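The hints should help you fit chain Y onto chain C, whose structure is shown.
Next come the chains, spelled out residue by residue.
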Amino acid sequence: MKSSFHGTEAKQKNMSEAINVQHGAAHVEHHDAHSHGHHKETFVSKYIFSMDHKTIAKQFLITGIIWAIVGGLFSVLFRLQLGYPGQSFPILETFFGNWAKGGQIQPEFYYALITMHGTVLVFFVLTAGLSGTFANFLIPLQIGARDMASPFLNMLSYWFFFLASVVMISSLFISTGPASGGWTVYPPLSALGQASSGSKLGMDLWIVSMALFVVSSLLGGLNYISTILNLRTKGMSMTRMPLTIWALFFTAVLGVLSFPVLLSGLILLLFDRNLGTSFYLSDIVVNGEILANEGGSAILFQHLFWFLGHPEVYIILLPAMGMVSEILSVNSRKPIFGYMAMLGSLFAITILAFLVWAHHMFVTGLNPFLGSIFVLLTLLIAVPSAIKVFNWLTTLWRGNIRFTPATLFAIGFVSLFISGGLTGIFLGNSTIDIHLHDTMFVVAHFHIVMGVASMFGMFAGIYHWFPKMFGRYLNSTLGYIHFWVTMIGSYLIFWPMHYQGLAGIPRRYLDKRGWVSFNDFPELDKMITIVSIIVFAVQLMFVFNFFYSIFKGRKVTNPNPWGANTLEWTTPLRPGHGNWDGEIPEVHRWAYDYGKDGREFIPQTEPIGENESKH
Amino acid sequence: MQTFFIVAILGLGFLITFQIAKASEYVAVLRGEERARKQTNKVNAFMLLAFLIIGLIGVYYCNEQLKGKILGEAASDHGVLIDRMLYITIALTGIVFVITQVALFWFSFKYQESDKRKAFFYPHNNKLELIWTVIPAIALTILVGFGLFYWFKITGDAPKDSMIVEVTGKQFGWEFRYPGKDGILGKKYFKKVDPANNNPAGQLWEDQANHDDIFMEQEMHLVVNKPVKLVIGAKDVIHDVGLAHFRMKMDAVPGTPTTMWFTPRFTTKEMAEKTGKPNFTYEISCDQMCGQGHWSMRGVIVVETQEEFDAWMAQKKPQYFVANPGKDPKAKADTATKQPVAAVVNSN
Numbered sequence: 001m002k003s004s005f006h007g008t009e010a011k012q013k014n015m016s017e018a019i020n021v022q023h024g025a026a027h028v029e030h031h032d033a034h035s036h037g038h039h040k041e042t043f044v045s046k047y048i049f050s051m052d053h054k055t056i057a058k059q060f061l062i063t064g065i066i067w068a069i070v071g072g073l074f075s076v077l078f079r080l081q082l083g084y085p086g087q088s089f090p091i092l093e094t095f096f097g098n099w100a101k102g103g104q105i106q107p108e109f110y111y112a113l114i115t116m117h118g119t120v121l122v123f124f125v126l127t128a129g130l131s132g133t134f135a136n137f138l139i140p141l142q143i144g145a146r147d148m149a150s151p152f153l154n155m156l157s158y159w160f161f162f163l164a165s166v167v168m169i170s171s172l173f174i175s176t177g178p179a180s181g182g183w184t185v186y187p188p189l190s191a192l193g194q195a196s197s198g199s200k201l202g203m204d205l206w207i208v209s210m211a212l213f214v215v216s217s218l219l220g221g222l223n224y225i226s227t228i229l230n231l232r233t234k235g236m237s238m239t240r241m242p243l244t245i246w247a248l249f250f251t252a253v254l255g256v257l258s259f260p261v262l263l264s265g266l267i268l269l270l271f272d273r274n275l276g277t278s279f280y281l282s283d284i285v286v287n288g289e290i291l292a293n294e295g296g297s298a299i300l301f302q303h304l305f306w307f308l309g310h311p312e313v314y315i316i317l318l319p320a321m322g323m324v325s326e327i328l329s330v331n332s333r334k335p336i337f338g339y340m341a342m343l344g345s346l347f348a349i350t351i352l353a354f355l356v357w358a359h360h361m362f363v364t365g366l367n368p369f370l371g372s373i374f375v376l377l378t379l380l381i382a383v384p385s386a387i388k389v390f391n392w393l394t395t396l397w398r399g400n401i402r403f404t405p406a407t408l409f410a411i412g413f414v415s416l417f418i419s420g421g422l423t424g425i426f427l428g429n430s431t432i433d434i435h436l437h438d439t440m441f442v443v444a445h446f447h448i449v450m451g452v453a454s455m456f457g458m459f460a461g462i463y464h465w466f467p468k469m470f471g472r473y474l475n476s477t478l479g480y481i482h483f484w485v486t487m488i489g490s491y492l493i494f495w496p497m498h499y500q501g502l503a504g505i506p507r508r509y510l511d512k513r514g515w516v517s518f519n520d521f522p523e524l525d526k527m528i529t530i531v532s533i534i535v536f537a538v539q540l541m542f543v544f545n546f547f548y549s550i551f552k553g554r555k556v557t558n559p560n561p562w563g564a565n566t567l568e569w570t571t572p573l574r575p576g577h578g579n580w581d582g583e584i585p586e587v588h589r590w591a592y593d594y595g596k597d598g599r600e601f602i603p604q605t606e607p608i609g610e611n612e613s614k615h
Numbered sequence: 616m617q618t619f620f621i622v623a624i625l626g627l628g629f630l631i632t633f634q635i636a637k638a639s640e641y642v643a644v645l646r647g648e649e650r651a652r653k654q655t656n657k658v659n660a661f662m663l664l665a666f667l668i669i670g671l672i673g674v675y676y677c678n679e680q681l682k683g684k685i686l687g688e689a690a691s692d693h694g695v696l697i698d699r700m701l702y703i704t705i706a707l708t709g710i711v712f713v714i715t716q717v718a719l720f721w722f723s724f725k726y727q728e729s730d731k732r733k734a735f736f737y738p739h740n741n742k743l744e745l746i747w748t749v750i751p752a753i754a755l756t757i758l759v760g761f762g763l764f765y766w767f768k769i770t771g772d773a774p775k776d777s778m779i780v781e782v783t784g785k786q787f788g789w790e791f792r793y794p795g796k797d798g799i800l801g802k803k804y805f806k807k808v809d810p811a812n813n814n815p816a817g818q819l820w821e822d823q824a825n826h827d828d829i830f831m832e833q834e835m836h837l838v839v840n841k842p843v844k845l846v847i848g849a850k851d852v853i854h855d856v857g858l859a860h861f862r863m864k865m866d867a868v869p870g871t872p873t874t875m876w877f878t879p880r881f882t883t884k885e886m887a888e889k890t891g892k893p894n895f896t897y898e899i900s901c902d903q904m905c906g907q908g909h910w911s912m913r914g915v916i917v918v919e920t921q922e923e924f925d926a927w928m929a930q931k932k933p934q935y936f937v938a939n940p941g942k943d944p945k946a947k948a949d950t951a952t953k954q955p956v957a958a959v960v961n962s963n
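So the protein lines, in turn, are chains C and Y.
Using our numbering, the first residue of the first sequence is number 1, and each one after it goes up by one.
Using our numbering, the first residue of the second sequence is number 616, and each one after it goes up by one.
This is chain C alone, in the form it adopts within the complex (with noise of 0.2 Å):
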């Protein structure tokens, strides 16, 4: 009697404590009047202001998380307008007010939408969320370390983050509305208050947002790089790592060295907006008014926006690169085909994407032979994705394949990569860029490339190690209705929309029946609303699937579930603060040895037989 209610205090308090980790991610003063009772200071440093880099990982999923539903949602609510221009749907005026007046998104509130949009999802969830999140649990794991190099900077990287995430979320409800001038806040428009509303203190709160967010940026990246750099277990020398941490280590670089350039950037914007500077501004007449601005360039704020917004597009790929690699190897069961050219065609990519950036500047007005330069290293980055798509295809290639919906997103991965990859051959070439920039084929491409594979690259992460995160198994057929109805949708919508692209539809326009040349689409519009609300949908299933699996999914109870070489399997089934109970495994061989000399895996943790082949 006395101890069967032991079990269900113990549980009870269990529950409540997980439930408080997805509420302490989100609002800190929420947990604050719930958490005064007994386990105060215990549950405060365990869950909140953790130090532990696999909590850190965990808050960082699941804010990403969180801001994920946001930036789909927001995404579901514009698509309503393009697939339904005109017709009005009242229930957004109940939600929204004056942002959807007659039931109709308004111009001001649709541009609010698509930036809050981009920012959402390329800063919050597919950086902080992706590598966030599997940089910190994955590196001190996989290569043998108990924690990261300094916890505190780790904590202070989450908490920055959130600050970030609260300012961001701020500007979302202010009268004058959020930064709504695309995603890439090109100056002038998003440095005068008088040209658009979201200029006003929107947009203020937009550029503090992301300095907070790029101060976490750093501390997280710094804190990565000097783990990997010194902290490998006895044994792991930098080319017996896993692909992943090559990929994780390789974004930390690329976001240490180009973020702080996008500060710099906005710290000018900030000084144009308030204390009259004119770095971005010139020649400028708005709404009647002659501003006093001369010998600014507009341009300027764009090379240093691309020298990190380029960048950034393989700060969101490398990592889903990384763990695409450790996926397909560890479930064909067959070693990763060619590592060391994974490894030379990662690092290629990393150099040439600092190389790259004036490629979104190709009509600015920029030199044509500065153009032709940016023309031929662009399609230059070309050969060592190349080389990684025909080395996953030759992983794949007479392997004994295990369909996990980790695997499953990860060949879904590879596809919409191809796909992306060689619509980015068209844009990367001035040419057809002249005729395709800033139109719905841009929207296309980089949709496919950068954000459906990212994420697909995120969700194969999250379904792979969801058992060494919490100890339990997502449900494995809402994993595979998650993975198809995303990877047929996916296509659905976005390879259709080259089309509208080719037709020369510009990016940004809700409404195109005004237009002669660009209103032959409307069904195709409606179609595309139609599946992307579908797959909103089923994204909305797998977050039930994620949090209820926290708590309810079934339990691991093999340490090594897939059968992996890599050392995050060999501790506990729920590790605490520290990883391994005694001492560190010691490595011996490469994380790789799938299939060899007939058996199925050999840990990295065991020695080199005597008669081992060698490779």
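Hints listed in this document are in silico derivations from the structure and should not be mistaken for laboratory results.
In silico lysine-lysine, DSBU-like type, Cα no more than 30 Å apart, as pairs:
(1) 653(Y) to 596(C)
(2) 731(Y) to 614(C)
(3) 657(Y) to 552(C)
Anything over 12 Å on all C-beta distances counts as not near chain C; from chain Y, calculated:
(4) 775
(5) 778
(6) 799
(7) 923
(8) 938
No experiment lies behind these values; they were computed from the predicted model shown.
Yeah, the Cβ is synthetic: ideal placement off N, Cα and C, and Gly gets one too.
What follows is chain Y alone, placed relative to chain C:
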């Protein structure tokens, strides 16, 4: 009500799915996880193959449905080059697309887990790596070569006999200035912009070249088969002169003038016949996010023969005389005629 139903159906569908998913998990445990896993493995492998086949048919179907809607023949000389480059790229990437996607899904299907097979330990092969480094590099060199050849043609200097038109973007409309008989656009300065006194472009009247410049809004006329050089600027924020049918595009940046040139191949009337659209119009779309009216920032280009153009131009009055009616030699003669240009229109 409709919304409510959609939400209700989605909710219900979700509930059912969830129950099935839960049940299948229990069934799997009961029947033996290994067996259940192998069965789903087969299903998914089959689905991947089906996805490939249906997907490729879908790609073909999508193309059949939509290829007629992508603007048709390019209406400028440069557009022809751009379209050619586009088709070269489609051909080359199309081949790669089919090969790689087929390989991806076929391998996935063919090498699904089976008790009969052991995975082949195949960690690297430098020869293969070399092959698929060199082949893409060659293919891309070809694309870069063609691309840059066309790029320099398109962005090179405009022919000397080009017609010049100044295009200025503002929230949310277009202004045009023709240089008049002297062929020179007069100087302007943004601090002189004064629509109330009929000087919306900020022209400096002391510059003689300004005295025959003609100003207008929203509609621009060009001559067929005559090269035109656009001198592009913006008043407030960055806009972009997007000419989908000519396949041309250039940003309009406040403070930094840009240029582009092209030669229209067909008049508006000819295009109406070619496209089968009686209401065919060459439209100028703003392609750079410029504020809440961005989507409606439309201008019109009329392409016509030299005679039609001359007749149209003859009706226009230089802005100098609109702003300074006293200086107009014709003004006293025909005060009864209407003002040619209403310059004080603020479209928003």
